[in-house]
Each structure stands twice: as C-alpha cells, then as structure tokens.
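Please build the complete structure, drawing on both the sequences and the hints.
From first to last, the protein sequence lines stand for chains C and R. Under the UniProt record's numbering, the final residue of the first sequence carries the number 83; numbering is consecutive throughout. Under the UniProt record's numbering, the final residue of the second sequence carries the number 196; numbering is consecutive throughout.
Among these hints, one or two may not hold up.
With a Cα cut of at most 35 angstroms, we get these calculated DSBU-like pairs of lysine-lysine [claimed, not checked]:
1. R:23 x C:72
2. R:15 x R:179
3. R:10 x C:14
4. C:79 x R:194
5. C:28 x R:82
6. R:32 x C:28
7. C:28 x C:14
8. C:28 x C:72
9. R:32 x C:14
10. C:53 x R:7
11. R:144 x R:82
12. C:14 x R:7
13. R:81 x C:24
14. C:14 x R:82
15. R:194 x R:179
16. R:179 x R:32
17. R:10 x C:79
18. R:15 x C:53
19. R:82 x C:67
20. C:72 x R:32
21. R:10 x C:24
22. R:23 x R:10
23. R:5 x C:3
24. R:10 x R:118
25. R:82 x R:23
26. C:72 x R:7
27. R:81 x R:118
28. C:58 x C:3
29. R:81 x C:72
30. C:53 x C:79
31. C:14 x C:3
32. C:24 x R:118
33. C:14 x R:146
34. C:28 x C:53
35. C:72 x R:194
36. R:138 x C:58
Simulated from the structure, these hints should not be mistaken for laboratory data.
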Amino acid sequence: MIKCIACGMPMNAKEDFACGDITKNYCKFCMREDGSMQSYREKLNSMTEFIIKTQGIKEQPAREAAKSMMAKLPAWQNKIDDM
Amino acid sequence: MAESKRKIQKELTRKHILDTAIKKFGHNGFVKTRTLDIATAANISHGSLFAHFPTMDDLMTSAIEEFGNRLCTRLHDEVSKKQSLPDILQAHLNGILDFEDFYTHLIIERRLLPESAKNTYIVIQSTISFHIGLAAEKEIQQGKIKNMPLHMLFNAWMGMIHYYLSNGDLFQQNGSIIKAYGPELLANYLLFIKST
Ligand SMILES: [Zn+2]
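Structure (structure tokens):
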C-alpha cells in the first residue's frame, strides 16, 4: 500500500494523489494550490487544525500530537527540530 | 537471500511481540505490565525484546499504533465503499470489539501514559472522527441528520462508548460490553442525531 510521505494517509485511488498524479508521493491534502507539497510549517498548522476540528481539543495538545505524528513520516525526517 | 530471510524473521518476531503486548496490556493494563511479563509471555528473552523495542514507551506506542492501524484501515475500507453513517459506526464498534480489553485500559489509563503514546492516541481518534465525518457529511446535506459540528458529532458518540467501557464492571459481569450494548448505543445515537 502506498502512503503519503507527508501525512501517512493511504493512497489507493488516483484522486487521493496530489493533482491526481500517481507518480507523486504525497496526497491531495498535503499539496498547495499550485500542486507542490506543503512545507513543514504549513503541514504542522493544517494537521493541528485537523485535530482541533475533528475532536474539539485545545491547540497545545493538538499541536504536540501533530508534531509527534509528523516526526515519524518520511517527508519530515530532517525537520523534527525545526520548531 | 539469507539477508531477506532474516528480515522477514525479524518482522515476524516484532509482530509476535506486539500481539503479545496487546494481550498483556489488555489483561493487566499499561501501567502494571512490565517488559519482562511481555517477554515471558512471548517466549523470548528480555534482551531480544529490547532489541526490537528499546524502551517500554516504544512498546506501548507501537502497540497503540498497531491497534490504530487495524481500526483505521477497516474504516478507510468502509468509507471507500461509500458506506452509510450507521455502517461506519458499526465498523468502528467492530474495530473496538477486536481489541476491547486493550482499548478499555487505553482510555482508562490514558493520562498516565508516556507522551508519545498519548499523542498516538490523539491522532487515531482524529482519523476515526474524520472518517465518521465523511459519511456524516452526505447525510447532513440530505437533511437526514442534524447539522452539528464534527467534533460534537464525534465526541457525543465517543462519550457514550467510553462511558460504557470505562464503567464496564457496572454494566456487565463478564464478557464484552460492545457485544452486549453496542446495538443499543448505535440505535439510540442515531436517534439523537436524526433531523427532526
Ligand atoms: Zn498527505
């Protein structure tokens, strides 16, 4: 199974991939409007918002969880200590 | 050839340790279980366990991840089959049922767990909520269920399940809470969220 390198989402269908392009290694939720992959900071913000939206929890625990999740993903291996 | 064989063996041992850990955490809880208990139950040396999981934090976090992967894969499959909201909620219950003892200890002891384990729990719950939201979105648009914010839709559902699981001793002497009460919880939750 192919997983998005930036958020870990499984990508099965063509439309799960960024721009519907199956040669891309990141998903539609991890791309910018121009089709490029989001930066660490952008992804951390959107992941934090995602956690808040889905569970209604406070920003701080949401951000910690987002950081901890991203630290395990291939796209962010050199970015862990960025922030 | 020998190299890939070793790799496969290593992967199998890792999986065996995780399955054993999930059972042990389910029996004795996270806080009370020691790495030695897991190594003994898995029939491997304590050293071999540490070769795979250097710390108890790693082992707890990986066990929770394993549970999350199986549950979320199940929901992902259901959502991609374009199932209805009741189907997704039923799949969620079935996913918990497979790990009921483990999950019950997880929610009762969550605050006592290491940070990495707590963070993994949060990410799993968001993934579940997201899938429930995908199914709910359609039914909200069709006017079948109330237009509630996603986190309330999810937290109300979790509130019911977690209340029954964490107070399981009051609801059921022996056996599964999800089996005994799942159908009633699901049916009534659907009534609560139904458009009037
Ligand atoms: Zn992604």
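Evaluated hints:
1. A threshold of 35 angstroms between alpha carbons decides the hint, and for residue 23 (chain R) with residue 72 (chain C) the separation of about 25 angstroms falls inside it, so the pair holds.
2. About 27 angstroms separates the Cα atoms of residue 15 (chain R) and residue 179 (chain R), which keeps this hinted pair within 35 angstroms; it holds.
3. For the suggested pair residue 10 (chain R) and residue 14 (chain C), the alpha carbons sit about 33 angstroms apart, so the restraint of at most 35 angstroms is met.
4. Of the pairs offered as hints, the one joining residue 79 (chain C) and residue 194 (chain R) is violated, with about 45 angstroms between alpha carbons and a cut-off of 35 angstroms exceeded.
5. Of the pairs offered as hints, the one joining residue 28 (chain C) and residue 82 (chain R) holds, with about 19 angstroms between alpha carbons and a cut-off of 35 angstroms not exceeded.
6. Of the pairs offered as hints, the one joining residue 32 (chain R) and residue 28 (chain C) is violated, with about 42 angstroms between alpha carbons and a cut-off of 35 angstroms exceeded.
7. Between residue 28 (chain C) and residue 14 (chain C) the CA atoms are separated by roughly 10 angstroms; this keeps the pair inside 35 angstroms, and the hint holds.
8. Taking the CA atoms of residue 28 (chain C) and residue 72 (chain C), the gap is near 20 angstroms; set against the 35 angstroms cutoff, the hint holds.
9. Restraint check: the Cα-Cα separation between residue 32 (chain R) and residue 14 (chain C) comes to about 46 angstroms, which exceeds 35 angstroms; the hinted pair is violated.
10. Straight-line distance between C-alpha atoms of residue 53 (chain C) and residue 7 (chain R) comes to about 40 angstroms, which puts the hinted pair past the 35 angstroms bound.
11. For the suggested pair residue 144 (chain R) and residue 82 (chain R), the alpha carbons sit about 16 angstroms apart, so the restraint of at most 35 angstroms is met.
12. As the CA atoms of residue 14 (chain C) and residue 7 (chain R) are separated by approximately 31 angstroms, the hinted pair is consistent with the 35 angstroms bound.
13. Restraint check: the Cα-Cα separation between residue 81 (chain R) and residue 24 (chain C) comes to about 24 angstroms, which is no more than 35 angstroms; the hinted pair holds.
14. Between residue 14 (chain C) and residue 82 (chain R), the direct Cα distance comes to roughly 16 angstroms. Compliance with the 35 angstroms bound is thereby established for this hinted pair.
15. Between residue 194 (chain R) and residue 179 (chain R), the direct Cα distance comes to roughly 24 angstroms. Compliance with the 35 angstroms bound is thereby established for this hinted pair.
16. For the hint linking residue 179 (chain R) to residue 32 (chain R), the alpha-carbon distance of about 27 angstroms falls within 35 angstroms, and the restraint holds.
17. Simply put, residue 10 (chain R) and residue 79 (chain C) have alpha-carbon atoms about 29 angstroms apart, close enough for the 35 angstroms limit, and the pair holds.
18. Straight-line distance between C-alpha atoms of residue 15 (chain R) and residue 53 (chain C) comes to about 33 angstroms, which keeps the hinted pair within the 35 angstroms bound.
19. As the CA atoms of residue 82 (chain R) and residue 67 (chain C) are separated by approximately 31 angstroms, the hinted pair is consistent with the 35 angstroms bound.
20. Restraint check for residue 72 (chain C) and residue 32 (chain R): the C-alpha separation of about 27 angstroms stays at or below 35 angstroms, so the hint holds.
21. Taking the CA atoms of residue 10 (chain R) and residue 24 (chain C), the gap is near 31 angstroms; set against the 35 angstroms cutoff, the hint holds.
22. Restraint check for residue 23 (chain R) and residue 10 (chain R): the C-alpha separation of about 20 angstroms stays at or below 35 angstroms, so the hint holds.
23. Annotation: proposed proximity of residue 5 (chain R) to residue 3 (chain C) holds, straight-line Cα distance about 25 angstroms (limit 35 angstroms).
24. For the given pair, residue 10 (chain R) sits about 27 angstroms from residue 118 (chain R) by alpha-carbon distance, which is consistent with the 35 angstroms threshold.
25. The straight-line distance between the Cα atoms of residue 82 (chain R) and residue 23 (chain R) is roughly 33 angstroms, inside the 35 angstroms bound, and the hint therefore holds.
26. Between residue 72 (chain C) and residue 7 (chain R), the direct Cα distance comes to roughly 21 angstroms. Compliance with the 35 angstroms bound is thereby established for this hinted pair.
27. With a C-alpha separation of about 31 angstroms, the suggested pairing of residue 81 (chain R) with residue 118 (chain R) holds against the 35 angstroms cut-off.
28. Using a Cα cut-off of 35 angstroms, the hinted pair residue 58 (chain C) and residue 3 (chain C) holds, with the two alpha carbons roughly 28 angstroms apart.
29. The hinted pair formed by residue 81 (chain R) and residue 72 (chain C) meets the criterion: a straight-line CA distance of about 29 angstroms does not exceed 35 angstroms.
30. Simply put, residue 53 (chain C) and residue 79 (chain C) have alpha-carbon atoms about 25 angstroms apart, close enough for the 35 angstroms limit, and the pair holds.
31. For the proposed pair residue 14 (chain C) and residue 3 (chain C), the alpha carbon gap of about 13 angstroms is at most 35 angstroms, so the pair holds.
32. About 31 angstroms separates the Cα atoms of residue 24 (chain C) and residue 118 (chain R), which keeps this hinted pair within 35 angstroms; it holds.
33. Among the hinted pairs, residue 14 (chain C) with residue 146 (chain R) is consistent with the structure: their alpha-carbon atoms are about 32 angstroms apart, no more than 35 angstroms.
34. A distance of roughly 18 angstroms separates the Cα atoms of residue 28 (chain C) and residue 53 (chain C); the hinted pair therefore holds under the 35 angstroms criterion.
35. Between residue 72 (chain C) and residue 194 (chain R) the alpha-carbon distance is near 39 angstroms, which puts this suggested pair outside the 35 angstroms criterion.
36. Taken as a hint, the residue 138 (chain R) and residue 58 (chain C) pair is honoured in the structure, with Cα atoms around 27 angstroms apart against an allowance of 35 angstroms.
Hint check: violations occur at hints 4, 6, 9, 10 and 35; the rest are consistent with the structure.
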